[in-house]
Structures are given as structure tokens and as C-alpha cells.
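Q: Protein chains in written order, with full-length UniProt numbering: chain X, 1 to 241; chain A, 1 to 241.
Careful: at least some of the hints might be erroneous.
Stated by the list, open to error - Below are the EDC-like pairs computed for lysine to aspartate or glutamate, each with C-alpha atoms no more than 16 Å apart in a straight line:
#1 Lys-123(A) - Asp-203(A)
#2 Lys-72(A) - Asp-86(A)
#3 Lys-198(A) - Glu-241(X)
#4 Lys-198(X) - Glu-68(X)
#5 Lys-198(A) - Asp-122(A)
#6 Lys-198(X) - Asp-86(A)
Rather than coming from a laboratory, the hints here were simulated on the basis of the structure.
Now for the letters of each chain:
Protein chains: 2
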Amino acid sequence: MTYCVAINTEQGLVFCSDSRTNAGFDNISIYSKMHTFVWPGERTFALLSAGNLATTQSVVKRLWSDIENAAKINLRNAPNMQTASDYIAGVSSEVQKQQTNRDNSSTNFEATFIFGGQIGTDKPETLLIYPQGNYIHESDEHPFMQIGEVKYGKPILDRVIKRSTPLTHAARCALVSMNSTTRSNLTVGPPIDLLIYKKDSLDFGQRMTLTENDPFAKELSEAWSLGLVQALDNLPRFPWE
Amino acid sequence: MTYCVAINTEQGLVFCSDSRTNAGFDNISIYSKMHTFVWPGERTFALLSAGNLATTQSVVKRLWSDIENAAKINLRNAPNMQTASDYIAGVSSEVQKQQTNRDNSSTNFEATFIFGGQIGTDKPETLLIYPQGNYIHESDEHPFMQIGEVKYGKPILDRVIKRSTPLTHAARCALVSMNSTTRSNLTVGPPIDLLIYKKDSLDFGQRMTLTENDPFAKELSEAWSLGLVQALDNLPRFPWE
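The shape of chain X in the complex, shown without the other chains:
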């Protein structure tokens, strides 16, 4: 499985993804699920992927080869995020159809993506692209998107994340949401990719890859556990206590 989350705040975008893939319980590997496409000063995109690894790899390869071959529509020339999302959805559908046609069993070739970024002076956007090729947009009421094992890390996002949340604060919240997921579900695991993109910077942003023993990741996890214990200690007592 996988867990990826993207947050769209007034100050910019946060992307966070795990790196564990498994084909059955005894075939576990590490693959980054964060793919970036950046033309500094012009446009910057991040694509987070969940689902069948062969499908997501094929999709990413196709996106790059379309850029190299200057295809009619590609990530380099798409006029807006909607066109770019339609394009990625189309590529994903094609790849899934191709894999399904080759298959004689009932393998699941589906893939789900979070696509986000900024084109020129347009507003930064994040979209969730379903395996079926349709997609949804984040909103003021719901400024974050999740794919994969979304349930463990959702409560903290539901309680904390707003459009107005400061960018680095949102990034720490994404890491906490990820950390809660990796602690509770073995199919989601490090290294954790984190990308913080400041609105209008049109650059590569701040990217961190946190391995299992990364001192910052450990410090964060311990500080969070301590904070939770304190939060519990400060809860109101029962009427009879």
C-alpha cells in the first residue's frame, strides 16, 4: 500500500509520500512515489502516485517521453492545470487499458494520483486523479488531498488544516499524519518524501527525504508522542473524579 497527502495553503503547497511498495506480503521494496517536473521561473509540478507500480512507472515514463518528444500536449506546454490533469488522466487510462488487454487473469492495474503545482502566475492547485480518469479539486473547505491508506492520518488533518495554516506548519502536520500512518500500518513505510513549495516561487521548493533513522524524523516523532501525552493529560476530568 501507499500513503500520500498534499495540502494547498494560502502560502503554498505541501506534498508528502511514503516509499513502501509490496507485491504480496513477502515482496516489499522501496520506490519513491513523488515525481517532480520543474521548469524554474515557468512552471512546477509534483505527482504523487498510488496503486499498481508498473502502471504508475509507465505513466511517469510516458509523461517524460511526451516532454522530450514535444508531444502536442505535455506537461511542458499544457496551458493550465485542468488541461494537464486531463492529459495525465488520459495517459493513465491508456496505460491501464494496455495492461488489462495483455492480462489473462484479473490483476488490478489501477493507479490513483495527486497532481499539484503552479503554472506561471496562475494559482497553485492540487487535484486527485482517479483510476477511472476523472478527478477532483481541493477546495477552501477541504484544502488537502489523500490517496492510499488515508484513514490513520485523516483525523489530524481534519482537525488542523485550513487554507490559512502557515506553510511550514502544514508541512509538519503532513509529517505527523504520515508518521501516524507508518506507525499503525506496516504497508506504509519510510523513506518519507516531503516537498514544500512556496507560492509563486516557481522553483524546485524545499525537498527532504527522511529515512527510518533520520535524526529530524525521530525528533519529530518523539516530540509528537510527548505532545499527545500532554494533550491527554490536559483533558477535562470525569465528573466523578
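Put chain A on the given structure of chain X with help from the hints.
A: Chain A alone, transformed into the frame defined by chain X:
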């Protein structure tokens, strides 16, 4: 759906369950999923139920009628928690089989239970009874049991709950785990039943039913949200901040 959790600490047992049932999205009702069987000074049990409501109601009715009819094995005379669990598992299997035999479609009649309590001077125990009739026991490494929508509320339990957690502290943690679930998933909802059983008391314990607008439940939810924001504020800053 449903969310129920039981915690077995050195000081006693905590049971917590929601009350929302749904047969499809447009048929939502309120049914308590916490059933208690208490003979003060002798034995005390709580049964939390998830799954098909007709099945769980039939099982609970059967348990009561077996007590009234002084059946050869019933909750009143079972010599230990293992025998009582085997008995409940048997009743559940029988009810499920009966419902399935009557059905011409492929309805899911499964039910899952958390069964806990104390018999005389035996140690208090909690067990999770699967629809298949087998069951597992909590352990020193894993002193809590969950059924239903378990993922949202698992991270806080994973981080905080130990055998040595004080009883009321564990109860507050169960309420937080439940609150996180009801906030993130509409199929789990109030009123919330909470039962705190002090080891060796062999009584009804402290029971609370928290409705949606209960002042204590609101105070708890707000204090927890505040505590989380503070915990986030106290996290280590990124190296470049």
C-alpha cells in the same frame, strides 16, 4: 458501520462504542452496541458488537434467554472467560448460519464482538470474537481491541496505551480515539457509550452515554483539538527555518 474499542489495563477495563447503524446511506438509526451482563459481587461482562444488526440483536437475545432458561452453558454459569467466549462464538455462528440459510441473496450476516469482563477472582480479560467463531485475546504488548472502523482511532491508541496506563486516562484516550473517528467518518456517530470497570469491583462500573450535544463531550473534543494544535506548535522546526 461501527467503532468499538476495549482497553485492558492493570487497574481495570474500559469499553467504548458508538451508536450509529446504517442499512444503506439513507437508512440511519441509533442502537447502542454495548450490552452488559452483571451479577454484582460475582461476575460482570460487557459485549460490544459490530456487523449485521439483526445478527447482533439475535445473539444478545439468545444470551439473555439462555440465562433465563438456565441453559447448560450460559453467561451466568460459564466457569471462565474462555468458556464464555466459546459459548458466544457458538451462538454467533448458529445465528449467522440460520440467517444465511433463510436468505436467497448474498446478504452479509456477519457479526464481530468484543467480549470482556471479570469472573470472581480471575483476572479481567478482553477478547475479540470473529464472525468465523474464533477469537483472540489482548496481550501485554497489545492491551486494546478494536472492531468496526478501526483505522482512524488506532494511531492515538498505538502511541499511548500500555498495561500501566491509569484507568481514567485510558478511558479519556478511548473517548479521543472515538471522537477522532466520528469526526472523520460519518458512519460512526453518537451517542457514545463509555464503561469504566475497576478491577475486582465486580459491579456495574461507571457508565456514561454521551450525546452529540453533551457538555462534557464537547469540552473534551475542544480540549483535544487545542492540545493537538499546541503539540504541533511544539514540534521541532525544519533545519532551514
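Q: The structure should be examined with respect to each hint, and the outcome stated for every one.
A: Tested hints:
1. Restraint check for Lys-123(A) and Asp-203(A): the C-alpha separation of about 15 Å stays at or below 16 Å, so the hint holds.
2. This hinted pair checks out: Lys-72(A) and Asp-86(A) have alpha carbons roughly 13 Å apart, not beyond 16 Å.
3. For the hint pairing Lys-198(A) with Glu-241(X), the CA-to-CA distance comes to about 13 Å; that is within 16 Å, so the pair holds.
4. For the hint linking Lys-198(X) to Glu-68(X), the alpha-carbon distance of about 27 Å lies beyond 16 Å, and the restraint is violated.
5. Restraint check: the Cα-Cα separation between Lys-198(A) and Asp-122(A) comes to about 14 Å, which is no more than 16 Å; the hinted pair holds.
6. Distance check on the hinted pair: Lys-198(X) and Asp-86(A) sit about 59 Å apart at the alpha-carbon level, beyond 16 Å; violated.
Figure legend: structure checked against the earlier numbered hints; hints not met, in rising order: 4, 6.
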